[in-house]
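Asks: Could you put the whole structure together from the sequences, leaning on the hints where they help?
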Amino acid sequence: MDRLTSMAVFVAAADEGSLSGAARRFGLSVSMAGKHVAAIETDLNIRLMQRTTRKLSLTDVGQTYYARCKRILEEYEDANREAGDAQQSIHGVLRLAAPVTFGAMHLGDVVAGFLATHPGVTLEIMLNDRYVDLLAEGIDVAIRIGRLLDSDLVARRLAPCRMVICASPKFLEWYGPLDNVEDLRRAPRLAYSDAVSSGDWTLTDPAGQAHVIDGPTHMASNNTQMMLAAAIAGAGVAYGPSFVFGRSVAAGELVALLPHYKTTDLAIHAVYPTKRHVSLKLRSFVDHLITNFGGTPPWDLSSPE
Numbered sequence: 001m002d003r004l005t006s007m008a009v010f011v012a013a014a015d016e017g018s019l020s021g022a023a024r025r026f027g028l029s030v031s032m033a034g035k036h037v038a039a040i041e042t043d044l045n046i047r048l049m050q051r052t053t054r055k056l057s058l059t060d061v062g063q064t065y066y067a068r069c070k071r072i073l074e075e076y077e078d079a080n081r082e083a084g085d086a087q088q089s090i091h092g093v094l095r096l097a098a099p100v101t102f103g104a105m106h107l108g109d110v111v112a113g114f115l116a117t118h119p120g121v122t123l124e125i126m127l128n129d130r131y132v133d134l135l136a137e138g139i140d141v142a143i144r145i146g147r148l149l150d151s152d153l154v155a156r157r158l159a160p161c162r163m164v165i166c167a168s169p170k171f172l173e174w175y176g177p178l179d180n181v182e183d184l185r186r187a188p189r190l191a192y193s194d195a196v197s198s199g200d201w202t203l204t205d206p207a208g209q210a211h212v213i214d215g216p217t218h219m220a221s222n223n224t225q226m227m228l229a230a231a232i233a234g235a236g237v238a239y240g241p242s243f244v245f246g247r248s249v250a251a252g253e254l255v256a257l258l259p260h261y262k263t264t265d266l267a268i269h270a271v272y273p274t275k276r277h278v279s280l281k282l283r284s285f286v287d288h289l290i291t292n293f294g295g296t297p298p299w300d301l302s303s304p305e
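Going by the working numbering, 71 is the number at position 71 of the sequence shown; the sequence numbering is gapless.
In short, the hints are calculated from the structure, not lab data. Treat the hints with care, as some may be off.
In silico EDC-like pairs for lysine to aspartate or glutamate, Cα to Cα no more than 16 Å straight-line [what the hints assert, rightly or not]:
1) Lys55 x Asp15
2) Lys70 x Asp15
3) Lys70 x Glu16
4) Lys262 x Asp205
Here the structure is a predicted model, which means the values were calculated and not measured.
Replies: So, in structure tokens, the structure goes:
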């Protein structure tokens, strides 16, 4: 007998609670469904099911074998679907949610490249810094930065997110050099008011000692692009993600402070609701994001270590 079919009948019998249920699902006679299960038991020389006239139950080894067979069958179905998808064009609407600053600064070129390759796709992009419930709001995929709160979502890592502490040459000329942690604590800070994952401004020195920078806040904003503009103009010391500040540091508009200290490492993920039956357009789009942001992301290519 075909082993894959026998495994499918066995799984169906366990799901349905009877051989007759499995037989109906596959259009078999009850006796033939029983032969499929018996063939596996004979080959393995184990008892998978306890069968009576009224009910069917799995043995302990049957429970373990059922879980493994179910995964194998799901992988087989996914492989068949992917092979079929490869022959199809990608089309339809894809709804994306992303943080405002990240989307405005880094998604334009990336989505343009995807649309050029897949002209049959329409992208609807919602930029918002609030938490978005993907299922409730009909979102196919979201980009999230920092701590992931949804354990039931599939998460694929796109890129690291380094935090940097920096100030403009103009500010440093006026205020004076900031050469140590105590200097930073006394300096006016530009703070992000909606921080969820980064917490306090924490720097770890080369010896592994953590230092919290908690000096006076000169300005607080819920938008990091606004913080970037204020920092470049000389308003104070900023602490934020390299995808916002990295290019300005590389261009000399900002100076990275205490560069030999380590800052908090976050991560950027693409999240979506389920691993099974993911559409080809969603899978292709997430792969496209990983290709563009993976490894060393573009905003860190010229940033100092």
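Asks: Now, for every hint given, state plainly whether the structure supports it.
Replies: Each hint, compared with the structure:
1. Taking the CA atoms of lysine 55 and aspartate 15, the gap is near 12 Å; set against the 16 Å cutoff, the hint holds.
2. Taking the CA atoms of lysine 70 and aspartate 15, the gap is near 10 Å; set against the 16 Å cutoff, the hint holds.
3. Distance check on the hinted pair: lysine 70 and glutamate 16 sit about 14 Å apart at the alpha-carbon level, within 16 Å; holds.
4. A hinted pair counts as satisfied when its Cα atoms are at most 16 Å apart, and lysine 262 with aspartate 205 qualifies at roughly 7 Å.
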